[in-house]
Amino acid sequence: MHLILLDLPHTKRHQFYPLTLSRPVWELRCGITSLGEKLVAKTRPQQVSCFVPPYMAEAYREQTDWPVNDPASLSADDLLIVSGRVKADHLDLKSLQAGEAVFDRTGELLFTRLSGRDLDSLNTTSIDDLLSSIKESKSIIERDVPTWNYTWELVLANAEQLKRDFVAAQRHGIEGKVEEPSALRGARFDIYVAPGALVHPMVVIDAEHGPVYIDEGAEIHPFTRIEGPCYIGKNSILLGAKCREGTSIGPVCRVGGEIEEAIVHGHSNKYHDGFLGHAYVGEWVNLGAMTSNSDLKNDYSNVTVSLDGRNPIDTGSKKVGALIGDHTKTSIGTLFNTGAYVGAMAVIAATGKPLPKYIPSFAWFLEGVVTKGFGKRKLYETAQTVMGRRGREWSAAQQSMWDEIFNITAPERAEAVKKGRRTLRSQNA
Amino acid sequence: MSSVSDRVVAVTARVLKVDPENVKPEDNFTADLGAESVQSIELVAMFEEEFDIEMEEEAALSVETVGAATEFITKVCQEQGKL
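Protein chains in written order, with this note's numbering: chain S, 1 to 429; chain Z, 1 to 83.
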C-alpha cells in the first residue's frame, strides 16, 4: 500500500499557524513522535508520498526522503490517501467500504483507499484533479472522524499521547548512563534512557505518574527534575530544568527554567529561568532569560487565541499558553499573555508588561509596538547564523519559502504596524 | 502646510527629544542627534505615519542625515502620490 499524506492549501492548515507556516501539519509533534510518524506507524505502508502547499515543497524536499508534490505517486496500485490532520489512533480503515471516501463537513478529504481499478476511472493528472474526480465519482461519506483542528489540541493531548507513545515504543530501562547519586522514582519499567544519553548526578527522574523517555545523546545536567509523562529528544540538553509532566522536547534543544505540559518542536533554546506552560514552541526559537508565558487566566475562564489578530477563538480550555513560530527570538524578561499567538521570524523586546496576545510573523516588536524593524533580510542573516551553529544550512529553498511566508502574513503585519505607528504617535505627541 | 523639510525636523525632534531649532539638515541622526537603533526604527515609523507613506525599511534606515531624509521622503511621497 502506498500512503499519500495530504496538507493542501485552502484546508484547515491555517488553524495550526504559526507552526504550519513553514511545515506540513503532520510534522507537528504530539507525544514522542510527529503526527506523520503516527500515521505511518498505524498504516504500515510500503511507500509514502505527500502533497504540501507548493510554496514549501522545495524546502520540504530537503528534509524528507518522501516524494513531495509528485503526481507520479498517484499512479500506484493501492493508494491510501489520508489528511495529515486525521488522528492516527482513530484511523479505522476497516470501516471504509469499497468505493467510499470520507470527507469532513467543509468538503476536505480525510481519507480514502483507491485500488488500481478505481484509479483507472479517476483523473490522476494532479492531486487537485484527483480530489475533484473522487468527489464526482466516489461515494462521499461525511463522517466525524477525529481530527486535529488547532495547535493547542496537540498541547492539551500531549500528556496522554506521551503515555501511548511510550507503550508503542516498547523501550524500557537504562541503556545510556545515569551517574550517581541519582533519584529515580516510580517503576523502572516506565523510564527509558537511550544509548548515548547521559544523566548527570543529582537529577530526579519521577516516573510515578507517567513514563520518562530520554532519547539518544540527550544530556541532563544536575538539579534537573523530570516528571513523567515526558520526552526529551535526541541531543537535547536540560540545564537544571524543572521539567514537569506532559512535556515533549524535540531534538537539539537547550532547556532550563520551568516547563510544563508544553511542546518544544526542536532546535530551540530556552536556556534560562522562566516559565513555559501549555505552549507550542517552533524550531530555531530562542527565548531570552526570564521569558515566561501565562497559561491560566486569573478568573479561570476559557483561554481564547486569535490566529489572525482579530477573531478570538475559544479554546474550550482553561489552560493554554503561547504558540510561538519558527525563528522567533525574545529578549530577557519577555512576558507572554495567556493564549498568545507569536508569529514566526519575530523579534520581541520586553516591555515589562504582558505583551499583546497577537504578534504577527516578521514583526519587530519594539518599544511596545509592532514595527517593520530592520526588515526581513536582517532576520534571514540571523537565521543563517543560528542554523549554522547547529550544522544546518539556510538554503535557497528555505529563503524562497520564507519569502512567501512574508507575503502570506503581510496583511496582518501591515495592520499591526499601522496600529503601532498610531500608538507611537500618541506617545510622542 | 509645512514643507517636507519642516515636518521631517518636527518628527525628528519629537522622537529624539531634541529642540527643533537645533536640528540642521546636515545633522547625522546617530552621531549628532544621538539616535539609537530602536529610535531609528521609531523614526522610520513616525515618518511613515506623518506622511502616510510606506518606506522600504532597509533603504529608509540607510539614510544618515536629516537633509537626506527629507530628500528620501520627498521622493517616496511623489512615488506614492502623497505630495
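Honestly, the hints are just simulated from the structure, not real lab data. Check the hints yourself; a few may be wrong.
[To be verified] List of simulated lysine to aspartate or glutamate pairs, EDC-like, C-alpha gap at most 20 Å:
(1) S:Lys419 x Z:Glu56
(2) S:Lys418 x Z:Glu54
(3) S:Lys376 x Z:Glu54
Here's how the hints hold up against the structure:
1. Distance hint between lysine 419 (chain S) and glutamate 56 (chain Z) is fulfilled; the C-alpha atoms sit about 18 Å from each other, no more than 20 Å.
2. At most 20 Å may separate the alpha-carbon atoms for a hinted pair to count; lysine 418 (chain S) and glutamate 54 (chain Z) meet this at roughly 10 Å.
3. Restraint check: the Cα-Cα separation between lysine 376 (chain S) and glutamate 54 (chain Z) comes to about 15 Å, which is no more than 20 Å; the hinted pair holds.
Violated hints are absent here; each numbered hint is respected by the structure.
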